[in-house]
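J.: As you go down the protein sequences, you meet chains C and H in turn.
When we follow my numbering, the leftmost residue of the first sequence carries the number 1, and every step to the right adds one.
When we follow my numbering, the leftmost residue of the second sequence carries the number 1, and every step to the right adds one.
Honestly, the hints are just simulated from the structure, not real lab data.
Take these hints with a grain of salt, some might be off.
To be verified - Partial chain C-side listing against chain H, Cβ under 7 Å, derived:
{"hint": "1", "residue": "Arg9"}
{"hint": "2", "residue": "Pro12"}
{"hint": "3", "residue": "Leu16"}
{"hint": "4", "residue": "Glu20"}
{"hint": "5", "residue": "Val26"}
{"hint": "6", "residue": "Val28"}
{"hint": "7", "residue": "His59"}
{"hint": "8", "residue": "Ala63"}
{"hint": "9", "residue": "Arg136"}
{"hint": "10", "residue": "Phe173"}
{"hint": "11", "residue": "Ser177"}
{"hint": "12", "residue": "Thr191"}
We treat Cβ as the ideally placed atom computed from N, Cα and C, and that holds for glycine.
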Amino acid sequence: MTVLVLTGRLDPTADLVVAELHRRGVPVFRCDPADFPGQLTVTAEFRGAGWTGRLRTPHHEVALTDVRSAYFRRPGEIAVDAGPEPEWATAEARGGFGGLLAAVPYWLNHPGRMRHAEYKPVQLAAAAAAGLATPRTLVTSDPDAARRFVAELPRVVYKAFCSTVRADDGRRFIYTSVVTADDIDDTVRHTAHQFQEWIDKEYEIRLTVVGDRFFAARLTGRSDAARIDWRADYDAIEYAVADVPSDVRRAVAALLDGLDLRFAAMDFAVRPDGTWVFLDLNPNGQWGWIQHETGLPIKEAITDALTTPPT
Amino acid sequence: MESTALAEHEKVTARGGAPFGLRFARRPSTSIDLDLDHVGYDEQAQVAIARDGDRWVPLIDHRMSVTLQTSGETPREDEIYDKSST
């Protein structure tokens with residue numbers, strides 16, 4: 001059995017899993033679908049009982065029948081940008097090559113499921129339905145609605161759906177930010193904006209779930225910036241392993257089952273009374289630094305899942 | 001995760017008519033640039049590698065990996081990936 005790893009060449013998180021697979025003697029075929037068709041070729045045939053064929057790079061090849069599981073990390077898009085009729089060629093590549101990849105029987109996570117789960121409105125509704133506490137949230141392009149929402153609550157934050165943006169001189173990060181009614185102006189009209197109730201918290205939890213294994217890290221900010229947003233000051237975060245309350249565990253299991261996810265990195269704010277409030281879910285979130293800081297065996301769990309897929 | 005209001009000097013002045021949310025965009029204060037001349041890819045091992053003096057070692061065993069993954073000096077693997085794709 002070979003594990004298919006789909007990602008770019010510079011992905012230390014995938015490296016951790018590839019190295020663990022090597023350590024266990026499990027064959028790996030790593031490729032970036034963005035390399036198709038230049039550096040990645042495929043030939044596959046269907047004769048009524050599954051696809052047979054091979055994927056090839058200049059350095060490796062694998063029989064499709066040997067691939068039982070795939071780890072979808074951070075691959076590039078399938079795009080044919082050279083040669084004649086690139087738009088049509090790209091559509092065909094996605095339908096043919098992408099279709100063969102989609103036929104792999106076990107994914108962590110399936111890209112289609114991830115695309116659905118990445119929608120924040122989907123996450124919030126699913127989390128609440130699963131029994132998790134959730135913050136009041138407004139998505140709007142109406143400045144008046146935004147002002148009313150902000151005025152109704154003691155404190156409100158603006159949270160971008162996409163946290164990075166390219167600027168002329170490099171990449172920018174859009175940290176979640178406290179806003180007041182006076183901040184709201186007509187530029188809200190230009191796109192969808194998300195405003196959310198501020199959650200008073202003792203600390204935050206980064207919960208990484210792999211199958212039915214839960215890895216909870218408590219993140220306590222030791223600076224003003226980190227206490228409010230740990231992403232703003234990583235050096236000031238104090239890490240500790242945490243236990244997951246049984247009711248949260250049950251609700252998270254139901255949430256991920258409903259979203260058909262086998263992996264998720266989730267963020268919770270923990271109120272002073274101990275209530276875990278769901279903030280965010282990333283179906284392809286980072287976990288390497290959590291393992292480094294806490295020793296939680298996440299790469300081992302991911303490797304376990306990839307090497308023992310259900311039959 | 002929640003966040004904080006930005007200091008006034010950190011705010012990126014939204015260009016005329018830019019969507020509201022972009023006023024909160026800023027450069028990560030402690031980000032570093034990854035020197036792509038000092039990283040590569042081992043085709044046989046199928047992992048990234050990094051220059052360590054006069055030799056190449058797996059990136060995950062290199063001090064740069066620790067810096068990149070734990071120091072908070074970059075938005076972690078996302079930034080590495082993004083740099084490699086640009």
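J.: Determine for every hint whether it applies to the structure shown.
T.: We went through each hint and held it up to the structure:
Interface hint status for C/Arg9: upheld, as the beta-carbon distance to the closest one in chain H is roughly 4 Å, under 7 Å. Contact between C/Pro12 and chain H, as hinted, is supported at the beta carbon level, the nearest pair being about 6 Å apart and thus within 7 Å. Using the Cβ-Cβ criterion of 7 Å, the hint placing C/Leu16 at the interface with chain H is satisfied: the shortest such distance is roughly 6 Å. Nearest Cβ of chain H to the Cβ of C/Glu20: about 10 Å, over the 7 Å cut. The hint is violated.
For C/Val26, the interface hint is violated, since its Cβ never comes within 7 Å of a Cβ in chain H; the closest pair sits about 12 Å apart. At a threshold of 7 Å, the smallest CB-CB gap from C/Val28 to chain H is about 6 Å, leaving the interface hint in force. For C/His59, the interface hint holds, the least distance from its beta-carbon to any beta-carbon of chain H being 4 Å, beneath 7 Å. Given the 7 Å rule on beta carbons, the hint for C/Ala63 is violated: about 17 Å separates it from the nearest Cβ of chain H.
Among the interface hints, the one on C/Arg136 is violated; its C-beta lies about 14 Å from the nearest C-beta in chain H, farther than the 7 Å criterion. The beta carbon of C/Phe173 comes within 5 Å of a beta carbon in chain H, closer than 7 Å, and the hint placing it at the interface holds. Taking 7 Å as the C-beta cut-off, the interface hint given for C/Ser177 holds, the closest approach to chain H being about 4 Å. Checking C/Thr191 against chain H by beta carbon gives a least distance of about 5 Å; that is within 7 Å, so the hint holds.
Comparing the model with each earlier hint shows violations of hints 4, 5, 8 and 9; every other hint is respected.
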